[in-house]
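Here's the letter readout for the chains.
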Amino acid sequence: AQSVSQHNHHVILSEAASLELGCNYSYGGTVNLFWYVQYPGQHLQLLLKYFSGDPLVKGIKGFEAEFIKSKFSFNLRKPSVQWSDTAEYFCAATPGVGSNYKLTFGKGTLLTVNP
Amino acid sequence: SAVISQKPSRDICQRGTSLTIQCQVDSQVTMMFWYRQQPGQSLTLIATANQGSEATYESGFVIDKFPISRPNLTFSTLTVSNMSPEDSSIYLCSVTGVYNEQFFGPGTRLTVL
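Taken in sequence, the protein lines are chains A and B. With this note's numbering as the guide, the letters of the first sequence map in order to residues 1 to 115. With this note's numbering as the guide, the letters of the second sequence map in order to residues 1 to 113.
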C-alpha cells in the first residue's frame with residue numbers, strides 16, 4: 001500500500017537555526033510530492049510541490065525540498081527559521097500518472113521555533 | 001488557486017444527530033475531496049465527490065455514515081450521520097488545481113458530545 005512517513009513528530013529549534021524535516025514515501029511508480037503547512041488556527045496551505053524536472057524545488061517563505069529518487073525521500077529544508085515558522089508540516093504524495101489524485105499524507109511534524 | 005469556503009466553521013452536536021457540512025468553491029473544479037483530521041492525527045481521505053454520480057469512498061468509510069452530494073462543479077456537501085464522540089474531528093474539503101495539486105478549505109471543527 002502507498003504510504004508516506006515523516007521521521008519527526010515534534011522538532012524544537014531556536015530562531016536562525018537550520019531546519020530539515022524528513023519525509024519518505026513508498027510508491028511503485030512515478031510520484032508527485034507535496035509539503036503542506038498548517039499555522040496555528042489557520043487552514044492547510046501548500047508550501048511546495050514536485051512533479052518532475054529539477055529535483056530541488058523552491059517554495060514559499062524560503063522553504064525548499066529535494067527529491068532523491070534513490071532514497072524515496074523528499075526532505076524539507078530552510079536555512080534559517082523564524083518564530084513565525086512555528087506550525088505543523090505535512091508531507092503528502094499522489095501517483096504521478098493516471099487520474100488518481102488522491103493524496104496520502106504523513107502524520108505531520110510539529111515545528112516549534114523559540115525566539 | 002481556488003478560494004474554498006466551508007460552513008459551518010465549527011459545531012457542537014449531540015450524539016445520534018447528523019450534521020451537513022457545505023463546501024463552496026469560487027470556480028468550477030473537476031475533482032473535490034473530503035478529508036477527516038482527527039485530534040492529533042494526520043488527514044485521512046473519506047471520499048471523492050463526483051459530480052453527477054455517487055461518491056467514491058475509501059476503505060473504512062461508507063455512504064450510510066457519510067453521504068455526499070455534488071450537484072454541480074462548485075459545490076459539495078458531506079453529512080456526518082448518527083454521530084458519536086468518535087466522529088469529533090476537523091472535516092476538510094479540497095479541490096485540485098491546474099497541476100493536480102490540492103487546495104484545502106478552512107475546515108469544519110466538529111465536536112460530538
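In short, the hints are calculated from the structure, not lab data. Check the hints yourself; a few may be wrong.
Keeping only pairs whose Cα atoms sit at most 25 angstroms apart, straight-line, the calculated DSS-like set for lysine-lysine is [to be verified]:
id : chain 1 : residue 1 : chain 2 : residue 2
1  : A       : Lys102    : B       : Lys65
2  : A       : Lys107    : A       : Lys58
3  : A       : Lys107    : A       : Lys61
4  : A       : Lys71     : A       : Lys49
5  : B       : Lys65     : A       : Lys49
6  : A       : Lys61     : A       : Lys49
Facing chain B, according to a computed beta carbon distance under 8 angstroms, are these residues of chain A, among others [unchecked claim]:
id : residue
7  : Val11
8  : Leu13
9  : Asn32
10 : Tyr39
11 : His43
12 : Lys69
13 : Tyr101
14 : Lys102
15 : Phe105
These numbers were taken from a predicted model, which means no experiment stands behind them. We put the beta carbon where it would ideally sit given N, CA and C, even for glycine.
Against the structure, the hints come out as follows:
Of the pairs offered as hints, the one joining Lys102(A) and Lys65(B) holds, with about 21 angstroms between alpha carbons and a cut-off of 25 angstroms not exceeded. Note on Lys107(A) and Lys58(A): the hinted pairing holds, with a Cα-Cα distance of about 22 angstroms set against a maximum of 25 angstroms. With a C-alpha separation of about 22 angstroms, the suggested pairing of Lys107(A) with Lys61(A) holds against the 25 angstroms cut-off. The straight-line distance between the Cα atoms of Lys71(A) and Lys49(A) is roughly 18 angstroms, inside the 25 angstroms bound, and the hint therefore holds.
For the suggested pair Lys65(B) and Lys49(A), the alpha carbons sit about 33 angstroms apart, so the restraint of at most 25 angstroms is broken. Note on Lys61(A) and Lys49(A): the hinted pairing holds, with a Cα-Cα distance of about 14 angstroms set against a maximum of 25 angstroms. Checking Val11(A) against chain B: minimum C-beta separation of about 16 angstroms lies over 8 angstroms; hint violated. At a threshold of 8 angstroms, the smallest CB-CB gap from Leu13(A) to chain B is about 21 angstroms, leaving the interface hint violated.
Checking Asn32(A) against chain B by beta carbon gives a least distance of about 7 angstroms; that is within 8 angstroms, so the hint holds. Using the Cβ-Cβ criterion of 8 angstroms, the hint placing Tyr39(A) at the interface with chain B is not satisfied: the shortest such distance is roughly 12 angstroms. Hint status for His43(A): holds, given a least beta-carbon distance of 4 angstroms to chain B, under 8 angstroms. With 8 angstroms as the threshold, the beta carbon of Lys69(A) stays out of range of chain B, its nearest partner Cβ sitting at about 19 angstroms, so the hint is violated.
Annotation: Tyr101(A) was flagged as interfacial toward chain B, and the flag holds, the nearest CB pair being 5 angstroms apart, inside 8 angstroms. Hint on Lys102(A) holds. Least Cβ distance to chain B is approximately 6 angstroms, under the 8 angstroms limit. The restraint placing Phe105(A) at the interface with chain B holds, with a minimum CB-CB distance near 5 angstroms, inside the 8 angstroms limit.
Violated hints, listed in ascending order, are 5, 7, 8, 10 and 12; each of the other numbered hints is respected by the structure.
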